[in-house]
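Student: Chain A is already provided as a structure; the job is to place chain B on it using the hints.
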Amino acid sequence: MLGRQGAAEGGTRTVARSDPREEARLLDRVAKGERRAFEELYRLYHPRLSRFLVSVIRRPHLVEEALNDTMLAIWSQPDSYAGTSKPSTWIFAIAYRKALKTLRGQDEPIEDKQAEARASGEPGPELALGRRQTQSALMSAIGELSPDHRAVVDLCYFHEVGYREIAEIMACPVDTVKTRMFHARKHLKTKLAGGLADWL
Amino acid sequence: MTGQIIPLHADEHREAQLLLPWYATGRLDAADHARVEAHLSACAECQADLALERRLSAAVADLPVEAAPGWEALKARLPRQAAARPARRPTAPRGLLASLGGWRPGAQTLGWTAALQFVLLLGLTGVLLLRPLQPAQTPPAADRGPAYQAPAYQALGATPAPTPGNLIVIFRPDTPEQGLRAILNASHARLVDGPTAADAYVLRVAPAERAAVLTRLRARREVVLAEPIDAGGRP
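Chains as they are written, first to last, in my numbering: chain A, 1 to 200; chain B, 1 to 235.
If you're looking for bench data, these hints aren't it; they were derived computationally from the structure. Quick caveat, the model's predicted, so the values are computed rather than measured. Hints may be right or wrong, so weigh each one.
[Unchecked claim] Here are the simulated EDC-like pairs of lysine to aspartate or glutamate, each with C-alpha atoms no more than 16 Å apart in a straight line:
id	chain 1	residue 1	chain 2	residue 2
1	A	K189	B	D49
2	A	K186	B	D174
3	A	K101	B	D174
4	A	K32	A	D79
5	A	K189	B	E45
6	A	K186	B	D49
7	A	K86	A	D28
8	A	K86	A	E23
9	A	K86	A	E144
10	A	K186	A	E144
11	A	K86	A	D175
12	A	K86	A	E22
13	A	K86	A	E168
Chain A on its own, in the form it takes in the complex (with noise of 0.2 Å):
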């Protein structure tokens, strides 16, 4: 899977590719109890983990806990990892579930049945924003969204996740990905008008 790693810590959109052989070795290697193969896999999960945890959680004191949660999860039960998905799908899954835990811990709907009539709500400015306003006004536009729509946005923007493996980690059909996906995205453009005019 890809991965900007160094975004978590600086925004940097440095791309990263992992070899999906490489981490199954790694799992192999924490199965048979290695604490260096953990550690290794911990290094190399935690950019990505709390990137994704913060996205979905928006509570950064709470984020380690659920991604010290996921690893300890990895570590007692390594050989549920069954080998039929990549490394990757198998982790993102076990952290999108301490993720719900996390939120349900504090009380927050993790669906939202009002995403698609707020998808056509009111527009957002419309004249060009600088970019930091524009970056302040996506965070507040996708803050908006629920936990689940958060997680499609992270996971196919950011992590590069294509649709069926973001339906592996969340556990529904593909066609929810793809709706939610859509109306986030609707969502977010609204909020945004010319925000995002000279992006890129």
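Tutor: Just chain B now, kept in the frame of chain A:
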């Protein structure tokens, strides 16, 4: 009627719209890619949307995200925690890698540990509320009356705090240190004492702001209890 579904233009347009984000990020398989490309060549609306899609995906990918502290930060904090609070609480759930030497906690174990901590906390909170709380600045020994009881909490430093606390807070046991700090900062509160045996913290805020700070603290999920205290008074 053969049962064969003939794709309509509208269906192709809708499907292309649904697949555009993955077309823009290059994550479509060959069949989907060809399908979207064929539609794009004849649909001005989708071409415009694709340009917007590329800008949006770039903007989202460029967003700075405040990441939680990594393993190094966690590891650096552990020795100080251990020295300051020996045998107070198991370090396993927080000290992830450090605790893996011979122990692999299951999710159930961690859950029971947290539950036990919470029950103990509730019990200790009851004890704390039922007895008078001593102010952070204790009177000199000569001034202590016969009814004087030792403080329910231990100061971290040997020097008494220069100003007494005026409210007491108990956080949920799973509140990370980072979250605790954020709450203190947001409340403009100074830590006067704590954690006590009941994991309570004595804070000092501007007297004029105390009522407002208490209201804000009580509204937070991380806060189990927030009560005003005055020297010689009860929480």
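Student: Would you check the hint for K86(A) and D175(A), treating anything up to 16 Å between C-alpha atoms as holding?
Tutor: violated, 21 Å
Student: For a C-alpha distance cap of 16 Å, please report whether K186(A) and D174(B) respect it.
Tutor: violated, 37 Å
Student: Given the hinted pair K86(A) and D28(A), is their alpha-carbon gap at most 16 Å?
Tutor: holds, 13 Å
Student: Holds or violated: are the alpha carbons of K32(A) and D79(A) at most 16 Å from each other?
Tutor: Distance ~10 Å between K32(A) and D79(A) Cα, so the pair holds.
Student: Given the hint that K86(A) pairs with E168(A), test it: the Cα-Cα distance must not exceed 16 Å.
Tutor: Satisfied, since the Cα-Cα distance of roughly 10 Å is no more than 16 Å.
Student: Could you grab the alpha-carbon distance between K189(A) and D49(B) and see if it respects the 16 Å cut-off?
Tutor: holds, 10 Å
Student: CA of K186(A) to CA of D49(B), is that 16 Å or under?
Tutor: This hinted pair holds, its Cα atoms lying about 10 Å apart.
Student: Does E144(A) lie within 16 Å of K86(A) when you go C-alpha to C-alpha?
Tutor: violated, 31 Å
Student: Assess, step by step, whether the Cα of K186(A) is no farther than 16 Å from the Cα of E144(A), and give holds or violated.
Tutor: The given pair, whose Cα atoms are some 13 Å apart, holds under the 16 Å limit.
Student: Check whether the Cα positions of K86(A) and E22(A) lie no farther apart than 16 Å.
Tutor: holds, 11 Å
Student: Straight-line Cα separation of K86(A) and E23(A) no greater than 16 Å?
Tutor: It holds: about 9 Å lies between the C-alpha atoms, which stays within 16 Å.
Student: Check the hint pairing K189(A) with E45(B) against an upper bound of 16 Å on the C-alpha distance.
Tutor: Status holds; Cα separation ~15 Å.
When held up to the earlier numbered hints, the structure conflicts with 2, 9 and 11 and fits the remainder.
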